[in-house]
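Trainee: Here's the letter readout for the chains.
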Amino acid sequence: MSSQSSLGSASVGTRLDPWVSSYAERARGMTTSAIRALFSVASRPEVVSLAGGSPFVAALPLEEMADNIAKMIREQGPTALQYCTGQGDEVLRGQICDVMSLSGIHGHPDDVVITPGSQMALDLTVRVFCDPGDVVLAESPSYVGALGVFASYQCDVVHVHTDLNGMSAEALQEAIDLARSQGKKPKLIYTIPTYQNPLGVTQDQSRRDEILAVAQRNKILLIEDDPYCLLGFDGEVPRAIRARDAEGVVYLGSFSKTVASGLRVGWALAPHGIREKLVQASEASVLCPSNYSQFTISNYLSTTDWQGQLKVFRELYRERRDALLESMDQLMPDGTKWTTPEGGFFSWVTLPDGLDATAMLPRAVSALVAYVPGTGFYVDGQGRDSMRLSYSFPDADRIREGVRRLSAVIETEMELVETFGPSSNTGAIPRIGQSTPAPNLP
Amino acid sequence: MNKRVLVIAGGLSAERDVSVRSGRRIAEDLREAGFDGVVADIDAALIGALQDDPPACAIPLVHGAAGEDGSLQEVLQSFGVGFVGSDADGCRRTFDKAVASALMREVGVHSPACVALPQSMFRDLGAPALLGSVCEQLGLPLVVKPNRGGSALGVTIVTSPEELPAAMVAAFAYSDVVLIQRHVSGTEIAVAVIEVGEAVALPVVEIVPDSGIYDYAARYTAGSTEFFVPARLEGAVLQAAQDVALKVHSTLGLRDWSRSDLIVDSEGTVWFLEANVAPGMTETSLVPQAVLASDFTMGELLGELVEQAAARAATIAT
Numbered sequence: 001m002s003s004q005s006s007l008g009s010a011s012v013g014t015r016l017d018p019w020v021s022s023y024a025e026r027a028r029g030m031t032t033s034a035i036r037a038l039f040s041v042a043s044r045p046e047v048v049s050l051a052g053g054s055p056f057v058a059a060l061p062l063e064e065m066a067d068n069i070a071k072m073i074r075e076q077g078p079t080a081l082q083y084c085t086g087q088g089d090e091v092l093r094g095q096i097c098d099v100m101s102l103s104g105i106h107g108h109p110d111d112v113v114i115t116p117g118s119q120m121a122l123d124l125t126v127r128v129f130c131d132p133g134d135v136v137l138a139e140s141p142s143y144v145g146a147l148g149v150f151a152s153y154q155c156d157v158v159h160v161h162t163d164l165n166g167m168s169a170e171a172l173q174e175a176i177d178l179a180r181s182q183g184k185k186p187k188l189i190y191t192i193p194t195y196q197n198p199l200g201v202t203q204d205q206s207r208r209d210e211i212l213a214v215a216q217r218n219k220i221l222l223i224e225d226d227p228y229c230l231l232g233f234d235g236e237v238p239r240a241i242r243a244r245d246a247e248g249v250v251y252l253g254s255f256s257k258t259v260a261s262g263l264r265v266g267w268a269l270a271p272h273g274i275r276e277k278l279v280q281a282s283e284a285s286v287l288c289p290s291n292y293s294q295f296t297i298s299n300y301l302s303t304t305d306w307q308g309q310l311k312v313f314r315e316l317y318r319e320r321r322d323a324l325l326e327s328m329d330q331l332m333p334d335g336t337k338w339t340t341p342e343g344g345f346f347s348w349v350t351l352p353d354g355l356d357a358t359a360m361l362p363r364a365v366s367a368l369v370a371y372v373p374g375t376g377f378y379v380d381g382q383g384r385d386s387m388r389l390s391y392s393f394p395d396a397d398r399i400r401e402g403v404r405r406l407s408a409v410i411e412t413e414m415e416l417v418e419t420f421g422p423s424s425n426t427g428a429i430p431r432i433g434q435s436t437p438a439p440n441l442p
Numbered sequence: 443m444n445k446r447v448l449v450i451a452g453g454l455s456a457e458r459d460v461s462v463r464s465g466r467r468i469a470e471d472l473r474e475a476g477f478d479g480v481v482a483d484i485d486a487a488l489i490g491a492l493q494d495d496p497p498a499c500a501i502p503l504v505h506g507a508a509g510e511d512g513s514l515q516e517v518l519q520s521f522g523v524g525f526v527g528s529d530a531d532g533c534r535r536t537f538d539k540a541v542a543s544a545l546m547r548e549v550g551v552h553s554p555a556c557v558a559l560p561q562s563m564f565r566d567l568g569a570p571a572l573l574g575s576v577c578e579q580l581g582l583p584l585v586v587k588p589n590r591g592g593s594a595l596g597v598t599i600v601t602s603p604e605e606l607p608a609a610m611v612a613a614f615a616y617s618d619v620v621l622i623q624r625h626v627s628g629t630e631i632a633v634a635v636i637e638v639g640e641a642v643a644l645p646v647v648e649i650v651p652d653s654g655i656y657d658y659a660a661r662y663t664a665g666s667t668e669f670f671v672p673a674r675l676e677g678a679v680l681q682a683a684q685d686v687a688l689k690v691h692s693t694l695g696l697r698d699w700s701r702s703d704l705i706v707d708s709e710g711t712v713w714f715l716e717a718n719v720a721p722g723m724t725e726t727s728l729v730p731q732a733v734l735a736s737d738f739t740m741g742e743l744l745g746e747l748v749e750q751a752a753a754r755a756a757t758i759a760t
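Sequence lines, in order, name chains A and B. Position one of the first sequence corresponds to residue 1 (this note's numbering), numbered consecutively onward. Position one of the second sequence corresponds to residue 443 (this note's numbering), numbered consecutively onward.
You may find that some hints are simply not true.
Covered, in the sense of this in silico footprint (three residues per stretch, anywhere, with C-beta under 8 Å from a C-beta of chain A), are these stretches of chain B [unchecked claim]:
#, region
1, 558-567
2, 610-617
3, 667-676
Output of the computed footprint for chain B on chain A, the stretches with three or more beta carbons under 8 Å from beta carbons of chain B [unchecked claim]:
#, region
4, 44-54
5, 355-369
Everything labelled a hint here was simulated from the structure, so no lab data went into it. Where is the CB? At the ideal position from N, CA and C, for every residue including glycine.
Given only the sequences and the hints, what does the whole structure look like? Please build it.
Mentor: Next comes the structure, spelled out in structure tokens:
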């Protein structure tokens, strides 16, 4: 017996989305991804996730913060819970200048634009500068959040060769020359010079001079994204590129790693002409940043030993970095290589020849360990042989266990490749965000 | 007080995300139908949830191994909890694609010729020679897939021998045994069977992915696949497809609900590919579309299945 309302010839098709023919061109390709779906498994406590880049906010002085926030609401509630200016709170902008002075930057509060996370500051900068097809020169690999912004504005991203000292100045010049010879407009240079996400490497001072010289010579604005600068394990803060040039650099900073990511407070320090446009763009997007979050950060900076807290974070992250590097040294199969970060959250691992980190991820997740495949950090399909490991969230014992599991997965995969040969099928180039987890994955 | 129904969803498989979404939607449908639908993951807290506040019934919707290979069903059976869906034995017969195909061929249902082999066999005997032999035996094109798995994860269509090694590596990422199956081209369809008293086949769903392949993205990205319910096939072929699905349901010893994935070739022959004991229930899944086109509503259906499962458990208990 069957239940059927009509014969097949009268069928009308459905796509289960009535808006499918209305989406903008830039939304095409925003599809679900099996790789991204794997990260929902990584949220289970059985899985050691070396994937996400969440800061370890549990190490904050939470009781003190709770008291401060309660006091803030009692004493400043009507202001803290109200709209503020599109540029952000004036007191906090001054405090941000004090924070940036640790990096050698002399900035004026009037040139600071506070945003809901430095991600928004980047978004606004790209919005005011880039037309579809404009070229953005980025490191190879680069931060997936930035690549997502560039994609959303239909920029043409060119990855510039990057070594253990960061972006190569020679390669940058070559890339600019090539783009211009093709009739394209290089508009922005995007760099994370300190404890870069995902490589973990840092540009030394002479490399920073070289990169800036290329930007200045070619009259291309440089975006310096610097969220990890205060998290060097030796306690030293590298001198920012922005410290050398106030007119040619937009500096992006964030409290996500130094205070709390959930508060969503970041900023751009920009030359005044750019700053005005950023304020207008910000107001059009979000009206204003959260006053509640800004007041929380401002009070935290003025009442808490926040630099002492940075020392707590540095020591904690150093211990975890050491656990990662030592266990990789002991356990990783021959042929595996990795970077040695001196701060920040990440190490970049390159697999033995023939292995594909994207193809291997399901096996890893079955073995209860997660990482981010390298393809997530490129726009052009590179990175299949690599992965980003984050040591910021799991404790040292969990990290060691995670490396133990991961090394066993790599060995099994090596056996598979030995049996079948290296994969010659590189597969479709994943869209940005399709092989990386959501921001809240630890 | 409303009867409490525990929807078990999530798990640790690669299909966790799909399962969680399926579970949430079914729990919502249960609540609309007047039940207290609650979602629980298959984790350390599950046994406590079963013992401390025994539900009237459970609905296992964990996709992938633990939810579809009989393991979860064994646990529920051992705790005396009534549940919707096939028992452990039915799940075991079905989740192993090679076993299910063989059982269906034995009763005269067309199923593409296939070979199922573990990685160790390729390692020990030598992959090139073995793959060459498989190609010769089955011909091209081929479909390479995990022998146990769903949502098209790890599935590759291979049109040349050179593509086989990469396809094998991709499939072994999800399963210890890989199924290499002769590819049958034709109209891809799915038929759900609902068993309330007697088994009934729901309207046939025709699947037309824009990309040509009903892969993970095509399944779970709204708009990327066009569906026709009922399928645009001749009446006799539709009937034949439903008959195959009913035969699958009874031959594999399935219960309450199942979904058969089939292909109708250019000559109108219906080929059985695989069956599912915990079919997806997301916004883009096939069974909800079939229910929508049927004489049932999801709420009515769930109500009937829950009462049926609870009555079964009560009978066993006494």
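Trainee: Taking 8 Å as the C-beta cutoff, is the stated coverage of the region 355-369 of chain A by chain B satisfied by three or more residues?
Mentor: holds (count 9)
Trainee: Residue count check for the region 44-54 of chain A against chain B: does it reach three with CB-CB under 8 Å?
Mentor: holds (count 3)
Trainee: Between the region 667-676 of chain B and chain A, see if three or more residues pass the 8 Å beta-carbon test, and mark the coverage as holds or violated.
Mentor: Contact hint for the region 667-676 of chain B vs chain A: holds, 10 residues under 8 Å.
Trainee: Against chain A, does the region 558-567 of chain B show at least 3 residues with beta-carbon separation below 8 Å?
Mentor: As far as the region 558-567 of chain B goes, the hint holds, because 3 residues have Cβ atoms under 8 Å from chain A.
Trainee: Does the region 610-617 of chain B contain three or more residues whose Cβ lies closer than 8 Å to a Cβ of chain A?
Mentor: holds (count 6)
Violated hints: none; the structure is consistent with every hint.
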